[in-house]
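Trainee: For the record, the sequence lines run as chains A and B. Numbering-wise, our numbering comes out as the position in the first sequence, counting from 1, plus 25. Numbering-wise, our numbering comes out as the position in the second sequence, counting from 1, plus 25.
Keep in mind that the hints are not guaranteed to be accurate.
[As the list claims (entries may be wrong)] A partial selection of chain B residues facing chain A, derived with a Cβ cut-off under 7 Å:
hint: 1; residue: V220
hint: 2; residue: C384
hint: 3; residue: P490
[To be verified] Distance condition first, Cα-Cα at most 27 Å in a straight line; then the derived DSSO-like pairs of lysine-lysine:
hint: 4; chain 1: B; residue 1: K335; chain 2: A; residue 2: K193
hint: 5; chain 1: A; residue 1: K266; chain 2: B; residue 2: K139
hint: 6; chain 1: A; residue 1: K335; chain 2: B; residue 2: K193
hint: 7; chain 1: A; residue 1: K193; chain 2: B; residue 2: K157
hint: 8; chain 1: B; residue 1: K466; chain 2: B; residue 2: K439
hint: 9; chain 1: B; residue 1: K193; chain 2: B; residue 2: K342
hint: 10; chain 1: A; residue 1: K193; chain 2: B; residue 2: K193
hint: 11; chain 1: B; residue 1: K139; chain 2: A; residue 2: K335
hint: 12; chain 1: B; residue 1: K95; chain 2: B; residue 2: K157
These are calculated hints, taken from the structure and not from any lab test. No experiment lies behind these values; they were computed from the predicted model shown. Think of the CB as a built atom: it goes at the ideal place given N, C-alpha and C, for glycine as much as any other residue.
Number of protein chains: 2
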Amino acid sequence: MGNAVGQPNDSLIAMQDLAALLKGICGEKFVFTDREYLLNYETDQTMNLRYPFDILIKPAFAREISEILKVCNQYNIPVTPRGGGSGVTGGALPVMGGVVLSLERLNRIVCINKLESYVIAESGVVTADLCKAVEEEGLYFPVLPSSGAYSFVGGNVAENAGAINSCKYGNIGAYVLNMEVVLPTGEIIWTGANVSKSATGLNLTPFFVGSEGILGIITQVVLRLLPPCLPEVQLLASFNKLENACNAVQDIKGACLSPAAVELIGKNAITMTAGFLAEPLPLVTPDVTAHLLIGLQEYHPDVLHRSLEKLVTLIAKYTDNDVLVAETTLEKEQLSKLRFNIGNAMTSGGRNYRDIDACIPVGALYNYIRRVEDICAGNNLSLVFFGHALDGNLHTMIVMDETQLAGQTPTLDKAVDGIYEYAISLGGVISGEHGIGSLQKPYLKWQFSPTQLSLMRRLKSFFDPNGILNPGKIL
Amino acid sequence: MGNAVGQPNDSLIAMQDLAALLKGICGEKFVFTDREYLLNYETDQTMNLRYPFDILIKPAFAREISEILKVCNQYNIPVTPRGGGSGVTGGALPVMGGVVLSLERLNRIVCINKLESYVIAESGVVTADLCKAVEEEGLYFPVLPSSGAYSFVGGNVAENAGAINSCKYGNIGAYVLNMEVVLPTGEIIWTGANVSKSATGLNLTPFFVGSEGILGIITQVVLRLLPPCLPEVQLLASFNKLENACNAVQDIKGACLSPAAVELIGKNAITMTAGFLAEPLPLVTPDVTAHLLIGLQEYHPDVLHRSLEKLVTLIAKYTDNDVLVAETTLEKEQLSKLRFNIGNAMTSGGRNYRDIDACIPVGALYNYIRRVEDICAGNNLSLVFFGHALDGNLHTMIVMDETQLAGQTPTLDKAVDGIYEYAISLGGVISGEHGIGSLQKPYLKWQFSPTQLSLMRRLKSFFDPNGILNPGKIL
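Pulled out of the complex, with its shape left as it was, chain A reads as follows (with noise of 0.2 Å):
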């Protein structure tokens, strides 16, 4: 047996062996062991979290990943897939040790068919690339997180991430048509078909979006795309009174208009980003307690312009500010110059934050913020709170110096068991579109009954007879 560090404890193999095994698969150029590169691997983007691991493999075909899976199975490894590293709940983190397998490699899109308005793409296309070469092509992908310009398709889909316009088209699940996947036992299967509908057996799609890379690896993507719509055009109106933006977000949500965005940011993510970017910001004055980003996508100039009128009229019932909007490119930029620095700002000057990204109704929005706020302040933490309002998702996130937040301090765990206990008393969850990751684990019975989390854990047992892969997410 080898000794590396966070070697896993059951493994049945040494890790040179092991090594030796995977280089025979994948190549000797794409099998890691270098302390000082499998650094670069050891962290996604939660908090300032760290976990070493034994080797890193970067195959290039399902092929390759299904020995890959089996030799694993065989010597019981653990196996970390990773995307582009871009999750906040500790998807991608190696924390039992192991293998990391990256999908980087795995970077083609296959084809772009127009007529039947489907991209066939490799998982470890990065999804800014993909909705890219889409454009290109006459065609529209939705679904771009913020982290898009890293994040992996594959990723996005094994996490079903949402973007700033999933209020109008939804998680990037309501995309996906088929899937390659390899199980953790090493099959390799296609879970859909490349047509409009099916109602063909057991639909398998659905098991592996959003299961967060537990129930096996997914190696390409088929997703369904639109037609191109007109240039977004943006609308920035500021609030003094945050009871009065939460009740522009409810009034805009019945007021059948379907904008593409609706970003609340809080008076601390204002402050803290305007500080971060030192310079002047639209709409930042001392007394503005709430902004409200709304995006509009639609095919028909007359109903984008009607549709801003609507706005503009609905906001002015809730604030005497000016209401600014932005069409061309560098107007769009300064007008979203602020929420797209928040997760800058909250990382700047040795801060980090915990990520929590429950959903709650939207009726329940004001009320939702303000007891968040009060645990905050009652356990003296600082919230930073934004995010897509007309869904009721809400990122409210606790800053905190990182040498505090890596500690777990007692008063943050307070502070988080407070947030979810009243997130799931308003019929709330956990998480609206980050997952449960490593992080969020603890809550999850706080949601879940015993039967339903009894239901979760054998599935994962049925795909996954030896645990693992990705062991220690979600449950």
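Since the structure of chain A is already known, use the hints to place chain B on it.
Mentor: Below, chain B alone, put in the same frame as chain A:
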């Protein structure tokens, strides 16, 4: 052991003793063994197939269904759940005898939440009633199958039913937020949450959508609702050449028009239905080979009228015949009368049909129809085709005299073989929306690999270890 017709061979209890146990669960008046009454539940709309069984039970609550399933598990009794009985592939046929469990008493609309835009309904609510109740609250539920006047919403979810407007709105599965399901072993679970988004644990909802009642009995559904759109406008066009109609469909797909329905109706369907109705019908003339019935549902009058103009221009490229437009209810009834009487025509005068609803790439539509026509002609079979052309989901029905059909003549088998073989060679699937049921089982292995089939079989055993729930279906 009892001697009732159709009694399952391996049951471990006499049927009269079982009936007594079931009466203890649901009450005397909801357990039926009278053979004449049971006749009504021996069939669904699958040709003239008929299967005798022993006991009919009509529970009213999930907890009763849980107790029923526990008893039936204990004594190894087949249980066939039954919704509105509108299936055409044998999904509700008690092919193994035993117990039929009708969901007709679970017929309450529990609540309509306007702000959060969802309806909670028990599974035995008639789908048209649900749509009407939702409409009265100022909202819209778009998936009303042709059978909606008598099919149940739970059955529609169990089959992942489509509707004539699924090319715009998708199948019913896209609207299911949450379900209450009784597992074959008696556990009652909720599968999701009543919020817009969830990435919390394994999503159990899609396991049961489209599983045709073999994995669990759906007792309540929570369906996402849409804002209401303008009254639909319909358009009817006729073509002297089928190829032109198919090319028009492809052009419509490329034209970003997002129609709510694009129904292609073939010559035999037109002739047979016109004969059945025996009255003058719009655009029915001797030289007409195909109709396209197109529906437009939009939120803005401008968009509606612009789409209509664009469609009329597009269609004029492919036919010199008049194009009819209907805006009033009366006009629309007239325009769609033929389409909605095809089913009645096919089952009139002692006729019935073998349902085939393969879904193929829309680019292959014309070639597919030609091949199906050739296969039927070569076997002296009468073909009637119509359906959801924009999705490539055509209903190609083989119409026969009832006595012929019941015998499943070798020519019928040969023709069906040939049609599915060709559909699959095109990348298509056996069923787009009608499911596999008992009728299509032999063809599943044509589409799926042994690995896929084995996975489906093992999933069935996972949920239903004794195989009591809707046995003889899909697998």
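Trainee: Check each numbered hint from earlier against the structure, then list the numbers of those it violates in ascending order.
Mentor: 3, 12
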